[in-house]
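Starting from the known structure of chain A, fit chains B, C and D onto it as the hints suggest.
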Amino acid sequence: MAGKEPGTADVLRRVRELLDEYDPVSTPRLEFLRARFDAGLAWVHFPPGLGGLGAPRALQSVVDAELAAAGAPDNEPRRIGIGLGMAAPTILQYGTDAQRKRFLRPLWLGEKVWCQLFSEPGAGSDLAGLGTRAVRDGDDWVVTGQKVWTSNAHNARWAILIARTDPDVPKHRGITYFVCDMTDPGVEVRPLRQITGEAEFNEVFLTDVRIPDTLRLGEVGDGWRVAQTTLMNERVAIGGSELPREGGMIARAATTWRERPELRTPELHDRLLRLWVDAEATRLTTQRVRQQLAVGAPGPEGSGMKLAFARLNQAISGLELELLGEEGLRYGDWTNTRPDTVDFYGRDAGYRYLRAKGNSIEGGTSEILRNIIAERVLGLPSEPRTDKDAAWKDLPR
Amino acid sequence: MAGKEPGTADVLRRVRELLDEYDPVSTPRLEFLRARFDAGLAWVHFPPGLGGLGAPRALQSVVDAELAAAGAPDNEPRRIGIGLGMAAPTILQYGTDAQRKRFLRPLWLGEKVWCQLFSEPGAGSDLAGLGTRAVRDGDDWVVTGQKVWTSNAHNARWAILIARTDPDVPKHRGITYFVCDMTDPGVEVRPLRQITGEAEFNEVFLTDVRIPDTLRLGEVGDGWRVAQTTLMNERVAIGGSELPREGGMIARAATTWRERPELRTPELHDRLLRLWVDAEATRLTTQRVRQQLAVGAPGPEGSGMKLAFARLNQAISGLELELLGEEGLRYGDWTNTRPDTVDFYGRDAGYRYLRAKGNSIEGGTSEILRNIIAERVLGLPSEPRTDKDAAWKDLPR
Amino acid sequence: MSSAGLDLLYSDVEDDLRSAVRDLLADRCPASAVLARCDSDTPYDLDLWRTLRLQLGLAGLLVPEKLGGQGASAREVGVVLEELGGAVAPVPFLGSAVLATSALLGCDTGDGRVATLLGRLASGESTATLAVPLSTAPGSAFPQGVRADARGELSGRVSSVADATAADLLLVPGIGPDGPGLYEVAADAPGVRISAATPLDLTRPIADIELAAVPAARLVVGPTATAALDRALLTGAGLLASEQVGVAQWCLDETVNYLGQRRQFGRVVGSFQALKHRLADVWLEVVSARAAARAAADALAKGDPDTAVLVAVAQAYCAPAAVRAAEECVQLHGGIGMTWEHPAHLYLKRAKSSEIALGTPGRHRAALAALVDLPAAV
Amino acid sequence: MSSAGLDLLYSDVEDDLRSAVRDLLADRCPASAVLARCDSDTPYDLDLWRTLRLQLGLAGLLVPEKLGGQGASAREVGVVLEELGGAVAPVPFLGSAVLATSALLGCDTGDGRVATLLGRLASGESTATLAVPLSTAPGSAFPQGVRADARGELSGRVSSVADATAADLLLVPGIGPDGPGLYEVAADAPGVRISAATPLDLTRPIADIELAAVPAARLVVGPTATAALDRALLTGAGLLASEQVGVAQWCLDETVNYLGQRRQFGRVVGSFQALKHRLADVWLEVVSARAAARAAADALAKGDPDTAVLVAVAQAYCAPAAVRAAEECVQLHGGIGMTWEHPAHLYLKRAKSSEIALGTPGRHRAALAALVDLPAAV
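Taken in order, these protein sequences are the chains called A, B, C and D. By full-length UniProt numbering, the letter at position 66 of the first sequence is numbered 66, and the numbering carries on one by one without gaps. By full-length UniProt numbering, the letter at position 213 of the second sequence is numbered 213, and the numbering carries on one by one without gaps. By full-length UniProt numbering, the letter at position 310 of the third sequence is numbered 310, and the numbering carries on one by one without gaps. By full-length UniProt numbering, the letter at position 50 of the fourth sequence is numbered 50, and the numbering carries on one by one without gaps.
Here chain A stands alone, though its shape is the one from the complex (with noise of 0.2 Å):
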């Protein structure tokens, strides 16, 4: 393999030399993981000894296709997405070799789950303007400030964080990114409740958190080129999934279409098929960015599938209540849960319809996506911008 990237049939070979060494069915879960993440099958494009064989990444979805058929325990990715997603190639690329040995195995077997410390309530589209502020004391940073929009922080134990470390700099170049334990005295949880009536997130409260040196990813102020690594892979991870034809918030309301006649009328007949139309475009759409991705060749399209698919949750989800008419005015429940992760289809029409308001939110506003689009794809001139030079310190807040 030395010297050669591994190809399907070497990547084939060793699924199948896993599954003979580990019965995938009464090998004790745990195990299995273990013996997979060793055996290069956990993220085949990361590097030998990390979980990968340096294998174009593309092919991870034939491994997991073979070891589910065979019926194999998988390391709940829902779970864990933030570390898989943000966290673990944010560390591939910037850790140092400690870091990257101490980290990713645990957090790719879901022992050690990972959450994210970036959004603040004053920064959010301009998160290079946040203001948690890390001190140098001897071999640690001293960390005070307030982070909002944190899932997972309640069963975290670690978490990404970037910070404030030089106020006397132009925003984006006093910022440096560390790995928080999330277990220090000085860090407070509290959940955040929001428009669903549960609590999908947390604030977290930063008061005098030692971390120590040997926790910082990258250099000290290069902390906005590190989060940049986070952040594209967040919206990749968010826009890229693959669905089937029907897949997503289009099949609950094309289900209902389908079960109960007595609702259809022909108003909601053509505004169905036209985001039945729209979510088959997507999906389509979606699964060339795949294909390119998989020849090597990726193309923009792929900052566009965030954007298109908080529209089309928004717009199915909205039509759905007007489709089910007197039911769309009740609610399933208000309680305030703690939920580990979001379902949007288990649950009822009115939660579908409020939770899909954040999708155009979270992880990057569509507002910003659309900038994004427009200056980097499109290639038109920035805004004049007065923020970009002064220290960070006199910009007006």
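For the record, the hints were derived by calculation from the structure and aren't laboratory data. For clarity, every value in this text was computed on a predicted model and none was experimentally measured. Wrong hints could be hidden among the right ones.
Restraint-style ranges between C-beta atoms, simulated for each label pair [as the list claims (entries may be wrong)]:
#, chain 1, residue 1, chain 2, residue 2, range
1, C, Gln-144, B, Ala-297, 18 to 24 Å
2, B, Tyr-345, C, Gly-5, 22 to 28 Å
3, B, Phe-344, D, Ala-196, 22 to 28 Å
4, D, Asp-39, B, Asp-208, 16 to 22 Å
5, A, Ser-61, D, Asp-253, 56 to 62 Å
Not close to chain B: a few residues of chain A, all C-beta gaps over 10 Å, as computed [to be verified]:
#, residue
6, Arg-79
7, Asp-270
8, Glu-326
Over the 10 Å line for every Cβ pair with chain C, so calculated as not near, a few chain D residues [unchecked claim]:
#, residue
9, Gln-55
10, Gly-110
11, Ala-212
12, Tyr-258
13, Ala-274
14, Lys-276
15, Ile-336
For glycine and all other residues, C-beta sits at the position ideal for the given N, C-alpha and C.
Chains B, C and D alone, transformed into the frame defined by chain A:
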């Protein structure tokens, strides 16, 4: 009447006196119109002696209705709309007594047609950036530059014109407003063919046109402020016409729907109904604006009407083509003609579709109108501006 | 057809009424109080409702003076609803002072029992509701879910009724041996069971009503009953448009305020052109919605023959306008608009729920098709 | 149903084909030339069409090699249409190389006459069109306007036929004594009258065809004729989506270019956020339209059982996407976009006309309803 604003009774008495003295049917048209002007019944809110009575503006519709009912001739307002709607209120507000006396009567009678020389190829939305130069030479100004989108330039005797008299001050402060004689040998009018195939507008090339200083309207350098009066009246004229229910662009679509059952489909039905509702809501809004004006409490709603009509006209005419199906593939006539007035409803659906595209551009683009609503009505802050304080000659172009 | 005779403005009296209601709501019904109540066992603010009824006399606006009411009209009710909508005030005004009252006014008001009930509602002594699902559109078939037996006892079920848990009096459409009728039922009569449902709109409770051989008094029967019910639904739909205007206006104002203060990228967020243009579009819809709602209220007040058209236009226009304004409010507030602690979600839930209430926009457009001779495809 | 087997990318061969067509069009078909031709008596660029046919062999892309064609597929035709759309090139490619050719391919290609005709089209010797109104949707009833008598002579009228004035050969659906048939008619046969109509789309001429006892050869009859016509319409509709992508992409690119240069208020206009956001939305639609059009082309190429669904999706999505891109192009160009001298209007007219061609989006959505089991309300 002295000391007190005339009311409905006064105005109606005047109308009766006019009709008693001049038989509306047998009196030669121009003679009747002159008598009407001199009776103060041309525009009742103008001052006495200038065609008015100093009466409330709302009473004009009472006069018009009475005279129309009596079979009196009108001054063909559509043919001389620019004079009536834009030049006249500006001359009234900013003209000297001599200018008012000289221009208003022939303008209202339709003896002299007016046009408007404002827009330039490089100064559309940013009208204040205009580059046509006017240089003082003794008692005259010598004007050179290019104007565009001038309706009726080929029929006009007079024009209202804005030109740059001082390039060394910020752009809004170096503009002066003139009345321009369209028979000056330096004025060249060229038809400008448009998307519909016809040339409704013109380009006007000005080469060393001499304008006596007595034809200046307002102070030197105050032309931007004077022009605001013109533009405000233009937008009111465009957006504010009174319509019966199902008047305007929706009429033809609704008629086609009723008369051609074979064209109907369920999806077009709901779309037509949506637009019918939008048209009716917009009509009611216009009516509400008129009622506010009539009681002397103008609301900000007027600013939105041009925006609303542009959107409606475009959506309805687009639907009409889809409804017509095969017929929508055909066009009436691409011959390059020079119409004096625009008649949306007398022509084919393709013409309506194409001509309506101009509704969101002419007289202030919909984008500029949204800026105005956001800033002047909603009070949102303007964007960072770099062009307001620099001398015009130093601006990038 | 031209509606040229409509008065689309607010009179001085109406402006005064608005001020009185607005001042009261500002004082007694701030967003924080409404929010706190959503998590409580007392979703209605009954103290506020008492003040509105007894002190301001608003429950009797539609009731003629000779029956103990204010002798006002749908115009004034529209103004009150704009303010109640702007505060998402949790009071049973729509159910009692609009729907139930209009239904009674459609009965024979010379009938002693009807007059007495109207008097009780007008005086504020009673709170009523009309026992139909809140989603019922004007022009719907007479409800078949409740039957009256020969003795006039009612049995059946009506779901998703607005304001039922606040009512002591239920007006129940039921089918009896003589055909459709409207029945008076005491909310605490034996055999009545009113169970609160979980509403999408936290500030307008709904409930399911079960009736098991409940003693009831028939107020009206036959075509008059059908007409009375339809009149109530038409009045409710037309005036709900005013409430939607109030909701939309609050959403617009709140968003403009927030964007005028919030800073990102070293700028006030409200200076970003894309957001300004969207708010300009919302503003235009709110302005147009106000004209449409005013037209419906004035037509209802005058008994204009054009009323059905103007009500359908108002609902078809105002319901989506309110939803859009609320959706933009949530979106343009960013994360804070997604939190429970910010009141934006209350308005979103009200707007979306009201879009379904008393007929969806699509239902009203379909009604319009028949009214203005734009027939469906065959 | 999952279309997982679709190839939505462009192959290297397709990229080369695109380059060849694009280079030729850049050289021979600039906007100025297309505009000048609109005012002339020769709306088609027959020199260009000759080059495309004879030099590049594009007329025979769909024709199997053994019949003298290129043996390519709908995928390659889609690429050519993207480029022709991007140049609004006035050539009868859609009528001849797509519609007429597909109709012939739906006949028995073992039949000598059919094979000969396909050979003539593939070699570029002949130009044909399918004599149906351009607005005809796949799945429409077989046209009834032309009748064949017992001797096989055709009489009747077909209006708004695309590319008829450029054709020497007409494929005419007609009803004969044995039922529906497809007939071969020479454009210059006695009794044929082809009158140019005034098209909304200046770059795709249409004409009315009148037939008075015209001698014709029947190519196919009965259900096969119906199927051949429908196959042609389905292929045309699916591939028109690619043309629409070309139109939309040009409109987007041109607008981005213009806004990147035009200055107002001392700024490049393309830096205004409201315009940037609108262009981002147009971009997203164009990107999605491309995926939908690619899917339809690949399904047509493979004879995928899912083809009808993917064609309906492509038309329902791409047609309005092209209209929107063209409308935004005109609007964001401001005044200059309204002038005859700027080519934007050619694209607007093509986009709007194509929205009607081969079935409106609404028609395609209605077709989809049956295909994916989302039945209409009853």
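Hint check results:
no.: 1; hint: Gln-144/C to Ala-297/B: 18 to 24 Å; result: violated (50 Å)
no.: 2; hint: Tyr-345/B to Gly-5/C: 22 to 28 Å; result: holds (26 Å)
no.: 3; hint: Phe-344/B to Ala-196/D: 22 to 28 Å; result: holds (27 Å)
no.: 4; hint: Asp-39/D to Asp-208/B: 16 to 22 Å; result: violated (34 Å)
no.: 5; hint: Ser-61/A to Asp-253/D: 56 to 62 Å; result: violated (34 Å)
no.: 6; hint: Arg-79; result: holds (43 Å)
no.: 7; hint: Asp-270; result: violated (4 Å)
no.: 8; hint: Glu-326; result: holds (21 Å)
no.: 9; hint: Gln-55; result: holds (48 Å)
no.: 10; hint: Gly-110; result: holds (43 Å)
no.: 11; hint: Ala-212; result: holds (35 Å)
no.: 12; hint: Tyr-258; result: holds (18 Å)
no.: 13; hint: Ala-274; result: violated (4 Å)
no.: 14; hint: Lys-276; result: violated (7 Å)
no.: 15; hint: Ile-336; result: holds (21 Å)
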